[in-house]
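> Each chain is listed here by its residues.
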Amino acid sequence: NAGVTQTPKFQVLKTGQSMTLQCAQDMNHEYMSWYRQDPGMGLRLIHYSVGAGITDQGEVPNGYNVSRSTTEDFPLRLLSAAPSQTSVYFCASSETGATNEKLFFGSGTQLSVL
Amino acid sequence: AQTVTQSQPEMSVQEAETVTLSCTYDTSENNYYLFWYKQPPSRQMILVIRQEAYKQQNATENRFSVNFQKAAKSFSLKISDSQLGDTAMYFCAFMRGREYGNKLVFGAGTILRVKS
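Taken in order, these protein sequences are the chains called A and B. Numbering-wise, the working numbering puts 93 at position 93 of the first sequence, and it's gapless, one number per residue. Counting from 1 along the second sequence, just add 1000 to a position and that's the residue number in the working numbering.
Looking at chain A on its own, in the form it has when it is part of the complex (with noise of 0.2 Å):
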């Protein structure tokens, strides 16, 4: 059981590129969601999805967009990277059950925006 998995683990972008940071979750679990991590901010969240076809965005969305074609994927987009987005980026999952409200977190993505 693979659980959360992001790629790529590390990446270097200039100031402009985009890119796509992937995210997948084999345990059928509708809610997924995107979170930053900042020194000194602790975990920020950035996007989320409580299932196919539905997204919002959570506390800092800008230059960020996502989706979610099917249950397993949530994909974040940079369009246009800015050094600001330099960050520690997780991915995560969880059930919608009644009594589990664990999240289940991918292992990271450090981007670097020069």
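Please keep in mind that the hints were generated in silico from the structure rather than gathered at the bench. Glycine included, each C-beta is placed from N, C-alpha and C at the ideal position. Be a bit skeptical, because a hint or two may be false.
[Claimed, not checked] Here's a subset of chain A near chain B, in silico, CB distances under 10 Å, partners left out:
no.: 1; residue: Q22
no.: 2; residue: D26
no.: 3; residue: G40
no.: 4; residue: G53
no.: 5; residue: V60
no.: 6; residue: P61
no.: 7; residue: G63
no.: 8; residue: Y64
no.: 9; residue: R68
no.: 10; residue: V88
no.: 11; residue: F90
no.: 12; residue: E101
no.: 13; residue: L103
no.: 14; residue: F104
no.: 15; residue: F105
[What the hints assert, rightly or not] With a straight-line cut-off of 25 Å between C-alpha atoms, the simulated SDA-like cross-links for lysine to any residue are:
no.: 16; chain 1: A; residue 1: K102; chain 2: B; residue 2: Y1033
no.: 17; chain 1: A; residue 1: K9; chain 2: B; residue 2: T1005
no.: 18; chain 1: B; residue 1: K1055; chain 2: B; residue 2: K1078
no.: 19; chain 1: B; residue 1: K1078; chain 2: B; residue 2: M1089
no.: 20; chain 1: A; residue 1: K14; chain 2: A; residue 2: P75
no.: 21; chain 1: A; residue 1: K9; chain 2: A; residue 2: N65
no.: 22; chain 1: A; residue 1: K102; chain 2: B; residue 2: K1115
no.: 23; chain 1: A; residue 1: K102; chain 2: B; residue 2: Q1014
no.: 24; chain 1: A; residue 1: K9; chain 2: B; residue 2: E1052
no.: 25; chain 1: A; residue 1: K102; chain 2: A; residue 2: T71
no.: 26; chain 1: A; residue 1: K102; chain 2: B; residue 2: Y1032
no.: 27; chain 1: A; residue 1: K102; chain 2: B; residue 2: E1017
no.: 28; chain 1: A; residue 1: K102; chain 2: B; residue 2: N1058
no.: 29; chain 1: B; residue 1: K1115; chain 2: B; residue 2: F1064
no.: 30; chain 1: A; residue 1: K102; chain 2: B; residue 2: T1003
no.: 31; chain 1: B; residue 1: K1073; chain 2: A; residue 2: E59
no.: 32; chain 1: B; residue 1: K1115; chain 2: B; residue 2: M1089
no.: 33; chain 1: B; residue 1: K1070; chain 2: B; residue 2: A1053
no.: 34; chain 1: B; residue 1: K1078; chain 2: B; residue 2: E1017
no.: 35; chain 1: A; residue 1: K9; chain 2: A; residue 2: G40
no.: 36; chain 1: A; residue 1: K102; chain 2: B; residue 2: T1060
no.: 37; chain 1: A; residue 1: K102; chain 2: B; residue 2: F1064
no.: 38; chain 1: B; residue 1: K1070; chain 2: B; residue 2: E1052
no.: 39; chain 1: B; residue 1: K1073; chain 2: B; residue 2: N1062
Once you've looked at the hints, dock chain B against the given chain A.
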């Protein structure tokens, strides 16, 4: 909006001793969930313990326990018999519940160093 505050940026403890990490939160909700996550140098996010707000009994998981004070909006983590492997960043987190998409609000984190 909910906020989570961890007032201790860094803490250290001797191996085998007990340490308490502090967390306070602000919310107008009555039903919610609180979590402590551990992030070792590997960067992996590991769930340590969770507490449901409607439960008065404090959660425990082996050497880890919480002191949940709902009226004071306080949720501290106690680590007993500290081990070198407990060295990590610890995050306190708040969740309103599944009807809101299972979204977490995190504190800034506390770096814990266990010394031998």
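> Next, verify each hint and record whether it holds.
We went through each hint and held it up to the structure:
no., hint, in the structure
1, Q22, "violated (17 Å)"
2, D26, "violated (18 Å)"
3, G40, "holds (6 Å)"
4, G53, "violated (14 Å)"
5, V60, "violated (12 Å)"
6, P61, "violated (13 Å)"
7, G63, "violated (19 Å)"
8, Y64, "violated (16 Å)"
9, R68, "violated (12 Å)"
10, V88, "holds (7 Å)"
11, F90, "holds (7 Å)"
12, E101, "holds (5 Å)"
13, L103, "holds (6 Å)"
14, F104, "holds (9 Å)"
15, F105, "holds (4 Å)"
16, K102/A / Y1033/B, "holds (10 Å)"
17, K9/A / T1005/B, "violated (29 Å)"
18, K1055/B / K1078/B, "holds (18 Å)"
19, K1078/B / M1089/B, "holds (14 Å)"
20, K14/A / P75/A, "holds (20 Å)"
21, K9/A / N65/A, "holds (19 Å)"
22, K102/A / K1115/B, "violated (31 Å)"
23, K102/A / Q1014/B, "violated (31 Å)"
24, K9/A / E1052/B, "violated (33 Å)"
25, K102/A / T71/A, "holds (18 Å)"
26, K102/A / Y1032/B, "holds (13 Å)"
27, K102/A / E1017/B, "violated (29 Å)"
28, K102/A / N1058/B, "holds (18 Å)"
29, K1115/B / F1064/B, "holds (18 Å)"
30, K102/A / T1003/B, "holds (19 Å)"
31, K1073/B / E59/A, "holds (22 Å)"
32, K1115/B / M1089/B, "holds (15 Å)"
33, K1070/B / A1053/B, "holds (7 Å)"
34, K1078/B / E1017/B, "holds (11 Å)"
35, K9/A / G40/A, "holds (22 Å)"
36, K102/A / T1060/B, "holds (16 Å)"
37, K102/A / F1064/B, "holds (17 Å)"
38, K1070/B / E1052/B, "holds (10 Å)"
39, K1073/B / N1062/B, "holds (24 Å)"
Comparing the model with each numbered hint stated earlier shows that hints 1, 2, 4, 5, 6, 7, 8, 9, 17, 22, 23, 24 and 27 do not hold.
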